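Chains as they are written, first to last, in our numbering: chain A, 1 to 157; chain B, 158 to 314.
The hints are simulated quantities; they were obtained by calculation from the structure and are not laboratory data.
A portion of the hints provided could be inaccurate.
[As the list claims (entries may be wrong)] Derived PhoX-like pairs (lysine-lysine); straight-line CA-CA distance at most 20 Å:
(1) B:282 <-> B:207
(2) A:125 <-> B:282
(3) A:125 <-> B:207
(4) A:70 <-> A:125
(5) A:50 <-> B:282
All figures in this text were calculated on a predicted structure; none of them were measured in a lab.
Number of protein chains: 2
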Amino acid sequence: MMQPPLSDLQPGQVLARGTARALASLGFDSLPEMVLRPRLRADLMAVGRKGEIWIVECKSSRSDFQSDRKWQGYLEWCDRYFWAVDADFPTELLPEETGLFIADGYGAEMIREAPLSQLAPARRKALTLDFARAAARRLHRLCDPGLAGEAGAPGAF
Amino acid sequence: MMQPPLSDLQPGQVLARGTARALASLGFDSLPEMVLRPRLRADLMAVGRKGEIWIVECKSSRSDFQSDRKWQGYLEWCDRYFWAVDADFPTELLPEETGLFIADGYGAEMIREAPLSQLAPARRKALTLDFARAAARRLHRLCDPGLAGEAGAPGAF
Numbered sequence: 001m002m003q004p005p006l007s008d009l010q011p012g013q014v015l016a017r018g019t020a021r022a023l024a025s026l027g028f029d030s031l032p033e034m035v036l037r038p039r040l041r042a043d044l045m046a047v048g049r050k051g052e053i054w055i056v057e058c059k060s061s062r063s064d065f066q067s068d069r070k071w072q073g074y075l076e077w078c079d080r081y082f083w084a085v086d087a088d089f090p091t092e093l094l095p096e097e098t099g100l101f102i103a104d105g106y107g108a109e110m111i112r113e114a115p116l117s118q119l120a121p122a123r124r125k126a127l128t129l130d131f132a133r134a135a136a137r138r139l140h141r142l143c144d145p146g147l148a149g150e151a152g153a154p155g156a157f
Numbered sequence: 158m159m160q161p162p163l164s165d166l167q168p169g170q171v172l173a174r175g176t177a178r179a180l181a182s183l184g185f186d187s188l189p190e191m192v193l194r195p196r197l198r199a200d201l202m203a204v205g206r207k208g209e210i211w212i213v214e215c216k217s218s219r220s221d222f223q224s225d226r227k228w229q230g231y232l233e234w235c236d237r238y239f240w241a242v243d244a245d246f247p248t249e250l251l252p253e254e255t256g257l258f259i260a261d262g263y264g265a266e267m268i269r270e271a272p273l274s275q276l277a278p279a280r281r282k283a284l285t286l287d288f289a290r291a292a293a294r295r296l297h298r299l300c301d302p303g304l305a306g307e308a309g310a311p312g313a314f
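Use the sequences and the hints to build the structure in full.
The structure is reproduced here in structure tokens:
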């Protein structure tokens with residue numbers, strides 16, 4: 001229904017779509033393009049049944065990965081940090097102390113679990129609230145385009 | 158775009174749509190038809206900037222209100238409890254110790270603030286997590302109908 005064809009998505013969004021499906025099957029509800037703080041946006045932020053917070057960054061190519069020098073900045077915003085790349089990606093580039101999904105537009109498989117580095121309770125609480133409000137706001141904008149306020153980026157795949 | 162015409166909505170959903178807009182203008186992000194526990198579903202659950210949780214029940218008529226004997230059951234699931242009714246509703250029926258919105262399909266006005274009865278931290282935490290995951294899941298289903306799993310009720314207005 002609202003799903004854009006895969007060909008309309010950026011390569012990173014294709015990976016995000018498949019990875020979000022895999023996260024759902026693992027019991028994690030995710031939100032794409034979640035702003036963690038000004039100028040730091042996660043490709044996918046996911047929340048588990050017990051409130052676990054995972055972040056997944058999607059890298060479509062070697063150059064996409066190499067141009068990004070900020071990935072360590074995500075570690076303090078999640079319990080576990082993952083990459084999602086496609087089957088052709090040179091995974092030897094990726095740091096070992098991170099998790100890994102191999103993804104396409106239809107699904108993903110977790111190849112390596114990420115190490116656990118638990119968030120402090122106050123940050124988890126604040127992040128969960130931000131996620132809750134962002135998700136509800138996007139849904140609301142999508143379901144009621146008559147809603148006043150700035151135009152929303154629903155972050156649809 | 159996805160907005161059904163008002164004529165396709167149930168009377169309670171019309172009130173919910175307008176009230177959700179008013180809540181947004183008050184800084185509250187809301188989710189319609191939020192399941193709090195088995196057999197207890199809020200017409201609107203809303204979360205504020207500081208994590209405040211409000212519940213709004215929408216009543217389209219005297220009989221709709223009188224057939225509902227469970228409203229006190231909502232009090233333990235929110236910091237403030239409100240009704241939303243239309244301008245013709247006999248508001249003298251409503252208990253005084255509750256908040257009140259007068260709504261239509263396009264907006265709502267808060268006529269009476271609800272008394273504050275603060276949630277215990279553990280329940281607030283659990284409710285916020287449930288809200289976060291429910292909102293993200295509905296958004297995901299809406300944006301990616303190819304997502305596996307049970308058919309979702311996006312709870313769109």
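Of the hints stated earlier, which fail here?
Violated hint (a single one): 4; every other hint is consistent with the structure.
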